[in-house]
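There are 2 protein chains.
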Amino acid sequence: MEYYPQTELDVENAASFLGISVQRMQELMERRVLVPNWNEYQHLFRFEHKALHIDIGSVLVQKDNGFSLILGFPKIKRAMLLGPAIKSNFGEIPRVAVEEKMNGYNVRVILLDGKLVAITRSGHVCPYSSEKVNSLLDHNFFTENPQLVVYGEMVGPDNPYVPKEIYRIESLEFFIFDIRHKNTGLPLPLYERRSLAEKYGFRQVRLFGEFDIQEASDMIQHIIKDIGRRGHEGVVIKDPKMVLQPIKYTASQSNCSDLQHSMKVFNESGRDFIFSRIVREGFQSVEWEESEEEFKKRCLRLGESILRPMKESIIKVRDGDRVAEEFTIRVKDRATISKFEEYMRRLGMDIKFSEPKIVGKEYVVHMIKINKSTSDKTLAMWEGQLWS
Amino acid sequence: MEYYPQTELDVENAASFLGISVQRMQELMERRVLVPNWNEYQHLFRFEHKALHIDIGSVLVQKDNGFSLILGFPKIKRAMLLGPAIKSNFGEIPRVAVEEKMNGYNVRVILLDGKLVAITRSGHVCPYSSEKVNSLLDHNFFTENPQLVVYGEMVGPDNPYVPKEIYRIESLEFFIFDIRHKNTGLPLPLYERRSLAEKYGFRQVRLFGEFDIQEASDMIQHIIKDIGRRGHEGVVIKDPKMVLQPIKYTASQSNCSDLQHSMKVFNESGRDFIFSRIVREGFQSVEWEESEEEFKKRCLRLGESILRPMKESIIKVRDGDRVAEEFTIRVKDRATISKFEEYMRRLGMDIKFSEPKIVGKEYVVHMIKINKSTSDKTLAMWEGQLWS
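Note that the protein sequences, when read in sequence, are chains R and D. For the first sequence, the working numbering gives the first residue as 205, with consecutive numbering after it. For the second sequence, the working numbering gives the first residue as 205, with consecutive numbering after it.
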C-alpha cells in the first residue's frame, strides 16, 4: 500500500473562504462535521453533517492554498399525486421538461491533479467510479470549464452498489443529469446543460420532452406507464430554466422492485423504506382511477414483491445457505481492485472479493456481501426461537 | 363531577411490602415510575415503567394500610415457524394445550370496595370496562377467592378500543384466558383455571384441545386455517401446567385485518406494526409449503389488505371528508358515559361523543375519532405538496 503524507487543513484560509470565524472552523473540524477523505484525497474534506446551510455530502477541496466547494446532490422531492404536485410546484411557469430518472448511483465528477475524481453522494471518493469516469468522460470538458461540476448516474451491471440489467448496458455507463457551478451549486439551465454535455460527447439521461403545465400530468402518466413496462425507474420533472425545484415521480414496477430487494434482506431493511414504497402505490392507484381489475393486478404485484423474495430467503436459509448479495466490478487498472477493497473495508462493509479474472483487457472481480442480520434471524426462526 | 379526596401512598409500608428501602420507594414515586390512578382509584398505583422486575402496567393496590400487587399481562412471544417453535419451547413436556387468542382488549379484574374494577393493559382503571365486568362476572368468585385476579379479553362490537363483529357477539362479552395469584402473578394450571371459571359461570376462551408435541404443529395448522376462514385471530399454545411460557400464533387473515386497519390510517400507524405483519406472512407461507396458486392468493390478500383501505382513505379526503374511526359504547348507568369521556380526555384522546340514545334499558353512545395526521397528510398531497 502506498504512503500518502497527511494534509493539514489551512484553517484560516478555509474559514475565510467559507465566511466564518477561525474558531467556528476549528469547531467544525473537532466535531467532525468536516472530515478528510483517505490516502491521496486527504485534501478533500466532506461534510458529514449539515452545517452553514451546506448539505451533507458536500466537499471542500483544498488546492494550493485555494479552496473550492463541491456541493452535494440536492434532494429532489417526490410527487405523490402528479397532477396536484405539478400545478402547485410549477404553476408559475408555462412548461416543464421531463427527463428520465435512472436507477444506479450518483457521483459528482471534478478534475484534480490531472485526473478525474468521482465523489459519491456521501462525499467519499470512490476509487472504482473514479477509474470509470476517467475513461468514460472527455477530460477537455473539465480543463475548459474548471468552474463546473458534472452530476450523473452510474448505471449498469458491473456496479458495486446498484447492479441493474434493465438498461441493456454491457458493463457500466455514466449518464449526466446536471451540471453545476462550484461554490454556489447553481445549475446550468436544462438545454444549456444538454448542449454542453453533447458537445463533449457525454451520455445523458433521456429527455422525454417539454410539456404544457396543463397536459404534463397526462403525458407523464403515459411516460411512466411505458417506463414501468420496461422496468425502468421514473422521471424528474424540471423547470427548463432550473430556477424552480425539480420533482421526481416513479413507476409502480420500480417501487415494487425496491421492495423486492429490501424484502430479500428483510431484517436489514429500513421499515421506512418499505413503508414509503407502499404509500406511493396507494396514491398512484387513486390518481390513475384504475379499474377494479387493474387495481387487483397492482395489489398482486405489491404482494408478490413483498413475499416472494422473503420466501426465497427463508427457503435458502432452511436449506443451509445464507442470504447474500452479489456484485461485479470490472477494471482496467489492477490497482483499482485493492484500492476499492480498502475503501469498502474503511466504510465498514464486510465483503468478500474473488480472485480477479482477466476478461479481454480488463479484470473482473465478483464480490459477495453476506446479509448477516437476515441470515441469522431466519436461522434462529428455523431453530425455534420466538420472534419477540 | 364528584370530588375525591387525595390518597397518599403509605411509603414506609409500601416499601416494606415490595421489599425495598424507603428511599428507593420515594424515588419510584418521584420519578413517576409508580403513578396513582384518578378519582376514586387514587389508591391504585400503576407501574408506568418496568422496575424491580415488575412489568409495566402492574398495579400496586393500597387498602386499609395493606397492599396487594396485581401483576401486568405477561407478554406472550410469537412463533414465526410453528413446528420449530413448538419443538424448541415445549420439547420437555409431552403435550400442549391450545386455546383461542381472541381479538379484543385485555383487562384484569379485581374486587375493590364491593365493586369489580377492570384494569387495562397499561394499568388504568377503565370506567366502561368496569361497569361491564360488574354485570358480566359473578362477584362470589372474588369474595370466595380474594387472592386471585381474573385475566380476560373484552370482545364484541360495543367496544371503545377494538370493535369487532367477528364473534357474533351482540354487544360486549368477557372471555377469561388466565387466572393468577395476586402478588406473585403465578397462574393457575390450565384445567384448574377452566373448571374454576366454569364453576362461576364465566365465559372462557375456547379450548381446542390438547395435542402431543409431535402432532401439535399439524393440528394447529388445521385449527389456524379454520380460524382464518372464520375471520378470527389465532391461538395461544400452553403448557397445561402453566410452567413453561405460552406462545402465540395467528392466522394470515388476522394479520391482513391488522394491516387493513393500520393502512386506513396510514400516517398514524407504526412502521414496525406493518412490517411485523408482513414478515409473519412470509414465514407462514414457507412453513406451510403452499402451492404457487395458494401463494398467489396470499400475495393478493396481502396486497389488497394494504392498498384497499389506503385507497379508500385517499378518496375520502379527495371528496372533502376526513379519515375517522367510529366506536360505540353501551352502558346501563348514565354516569359511566361522563366518566368514560373524562377518562378518554385524560388519556389525551381527542374523541367526539354523540348524545346518548336510549335502547332498551341501556344508553348507546357513538364516538368518533378523527385521524388528524392521515387526514391532513392526505389533504396536503391533494393540494400538491410533495412527500419529502
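Keep in mind that the hints are not guaranteed to be accurate.
Identical chains share a label here; the pair holds if one copy fits it or two copies do between them.
Think about it this way: if two alpha-carbon atoms lie no more than 27 Å apart in a straight line, the pair counts; the simulated DSS-like pairs of lysine-lysine are [as the list claims (entries may be wrong)]:
1. K254 / K291
2. K281 / K576
3. K520 / K500
4. K452 / K291
5. K581 / K291
6. K279 / K561
7. K386 / K254
8. K386 / K561
9. K279 / K254
10. K581 / K281
11. K452 / K267
12. K281 / K291
13. K429 / K500
14. K281 / K556
15. K501 / K429
16. K536 / K445
17. K573 / K281
18. K429 / K520
19. K281 / K452
20. K386 / K576
21. K452 / K520
22. K501 / K536
The set of hints was computed from the structure by calculation and includes no laboratory data. Note that the structure is predicted; figures quoted are calculated from it, not measured.
How the hints compare with the structure:
When the C-alpha separation of K254 and K291 is checked against a cutoff of 27 Å, the pair qualifies neither within a copy, at 31 Å, nor between copies, at 52 Å. In this homomeric assembly, K281 and K576 come within 27 Å of each other (Cα to Cα) only across copies, at 23 Å, whereas the closest approach inside a single copy is 33 Å. For the homomeric pair K520 and K500, the shortest alpha-carbon distance between copies (20 Å) is at most 27 Å, but the shortest distance inside one copy (29 Å) is not. For the homomeric pair K452 and K291, the shortest alpha-carbon distance inside one copy (14 Å) is at most 27 Å, but the shortest distance between copies (50 Å) is not.
Taking the shortest Cα distances, K581 and K291 sit within 27 Å of each other only across copies (18 Å), while inside one copy they are farther apart (46 Å). In this homomeric assembly, K279 and K561 never come within 27 Å of each other (Cα to Cα): the closest approach is 38 Å inside a single copy and 54 Å across copies. When the C-alpha separation of K386 and K254 is checked against a cutoff of 27 Å, the pair qualifies only within one copy, where the shortest distance is 18 Å, while the shortest distance between copies is 55 Å. Within a single copy, K386 and K561 get their C-alpha atoms no closer than 39 Å, and across copies no closer than 71 Å, so neither meets the 27 Å cut-off.
Taking CA atoms no more than 27 Å apart as the test, K279 paired with K254 passes inside one copy only; the shortest distance there is 13 Å, against 42 Å between copies. In the homo-oligomer, the alpha carbons of K581 and K281 lie at most 27 Å apart only across protomers (15 Å), although the nearest pairing inside one protomer, at 34 Å, exceeds that limit. Taking the closest pair of Cα atoms, K452 and K267 never come within 27 Å of each other, the shortest separation being 36 Å inside a single copy and 64 Å across copies. In this homomeric assembly, K281 and K291 come within 27 Å of each other (Cα to Cα) only inside a single copy, at 15 Å, whereas the closest approach across copies is 50 Å.
Taking the closest pair of Cα atoms, K429 and K500 come within 27 Å of each other both inside a single copy (17 Å) and across two copies (24 Å). For the identical chains of this complex, K281 and K556 are neighbours neither inside a copy (36 Å) nor across copies (36 Å), given an alpha-carbon limit of 27 Å. Taking the shortest alpha-carbon separations for K501 and K429, both the intra-copy value of 14 Å and the inter-copy value of 25 Å come in at or below 27 Å. With identical chains, the CA atoms of K536 and K445 are never at most 27 Å apart, being 39 Å at best within one copy and 69 Å at best between copies.
Taking the shortest Cα distances, K573 and K281 never come within 27 Å of each other, neither inside one copy (31 Å) nor across copies (31 Å). In this assembly of identical chains, the alpha carbons of K429 and K520 lie at most 27 Å apart only when taken from different copies (26 Å versus 34 Å within one copy). With identical chains, the CA atoms of K281 and K452 are at most 27 Å apart within one copy only, with a shortest distance of 6 Å there and 42 Å across copies. In this assembly of identical chains, K386 and K576 lie within 27 Å of each other by CA distance neither inside one copy nor across copies; the values are 41 Å within and 44 Å between.
Only between protomers do K452 and K520 lie at most 27 Å apart by alpha-carbon distance; the minimum there is 25 Å, versus 36 Å within a single protomer. Proximity of K501 and K536 under a CA criterion of 27 Å is satisfied in neither setting, with 45 Å inside one chain copy and 49 Å between copies.
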